[in-house]
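*Asks:* With the hints as a guide, bring both chains together as one complex.
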Amino acid sequence: AQSVTQPDIHITVSEGASLELRCNYSYGATPYLFWYVQSPGQGLQLLLKYFSGDTLVQGIKGFEAEFKRSQSSFNLRKPSVHWSDAAEYFCAVGATGGFKTIFGAGTRLFVKA
Amino acid sequence: KAGVTQTPRYLIKTRGQQVTLSCSPISGHRSVSWYQQTPGQGLQFLFEYFSETQRNKGNFPGRFSGRQFSNSRSEMNVSTLELGDSALYLCASSLDQGAGQPQHFGDGTRLSIL
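Each protein sequence line maps, in turn, to chains A and B.
As numbered in my numbering, residues -7 to 105 make up the first sequence, in order.
As numbered in my numbering, residues 20 to 133 make up the second sequence, in order.
Worth flagging that the hints you see were computed from the coordinates, not collected in a lab.
Glycine is no exception: its CB is placed at the ideal position from the N, C-alpha and C atoms.
None of the hints are false.
Across the chosen pairs, the derived CB separations fall in these ranges: (1) B:Gly81 to A:Glu56: 34 to 44 angstroms; (2) B:Leu30 to A:Arg100: 22 to 32 angstroms; (3) A:Lys53 to B:Pro58: 17 to 27 angstroms; (4) B:Leu133 to A:Glu7: 39 to 49 angstroms; (5) A:Lys53 to B:Asn96: 29 to 39 angstroms; (6) A:His74 to B:Gly81: 40 to 50 angstroms; (7) B:Gln60 to A:Arg69: 25 to 35 angstroms; (8) B:Ser105 to A:Gln37: 22 to 32 angstroms.
Okay, chain B solo, but in the shape it has when bound (with noise of 0.2 angstroms):
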């Protein structure tokens, strides 16, 4: 069975621009969650997915946004970057929501901000 993929693994962007990263999870789970690691914060929780619908929320700004489509595969989207949005974004996937639930993860997208 595939793992979870996402891409790209890296990018490269400058202050102002926005970024899409996308993440496709492992076949048959519907619950998608997305993390931002950073040396000086670690694991940040980001949003929950699952059914189309964001399930739970961490407390970034608006400027984060994601969905997820009826395949379960989610996007993730930051618009307007800012140098501290430099960051490894990861992606985990799990059969259902809910806080139990172990979480697979993807290799992530390593985001860097000029």
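Next up, chain A with everything else stripped away, as it sits in the complex (with noise of 0.2 angstroms):
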């Protein structure tokens, strides 16, 4: 069955920091693979996504993420978190078999100054 996993429900990080979302997934061909950012009182926005190609994908916000297929990690980074970006993020991956879109739990960050 397809599944996204996000292993941490929070994290974390100084205002200036590097940051590293975690996310897996389970799914029988190449996915088609989301990340999502939430923040309070408000809908989802799209942050990037992959479908095929560079498995390096450059998003929103200065956010890109690494489709490692023998990992079956789609892992979301910023080089230098700012404290706008404290938020929720969710991973999702497109699905077939009629659910659309199928979200991990999602993690939320914390930036400290």
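*Replies:* Have a look at this one:
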């Protein structure tokens, strides 16, 4: 069955430090992979997506993610975190079999000054 | 270009009542999906509509239903409300149907059941 796992429920990083959010997926073929961000009281915003080709994808707000087929991972990275990056981040896989999109449980990012 | 608009933003109902939520997609987007977000279950897919037809459906009881109009606007209805239906309901639109389509989300309708 298709699934997405985000092992970290929450992460705290210092402003200016680098960030890596982990995501592992289970899927039978090459998946469609997404990262979304949700700020409090708002809907989700697409950060980046991977369909095929270059395994390192660039997104908005300085984020990037790397697809590693051998590890079934799609980790999100940012070299220098800003206080405004504090939010909840969701990894998702575009699913077949009727479920449209399967989301991970989310990782809440806290940024300390 | 205007984003996805959901109305109302907040709603309070009591058990046993029914509720209708509305979603206007981005202009030109033909697919509308609905999700339920709760602290315990996370984001759960409800259903997707495309060209006025339900294309996909998640694992929710028949009390949850929806429809899509010819202008792509969509409504979601929940009948016989239960306390467990308290959640943030998110609508998302995309240009087309299919698993690879990036989705654009509205800010949601927060439904509270008393």
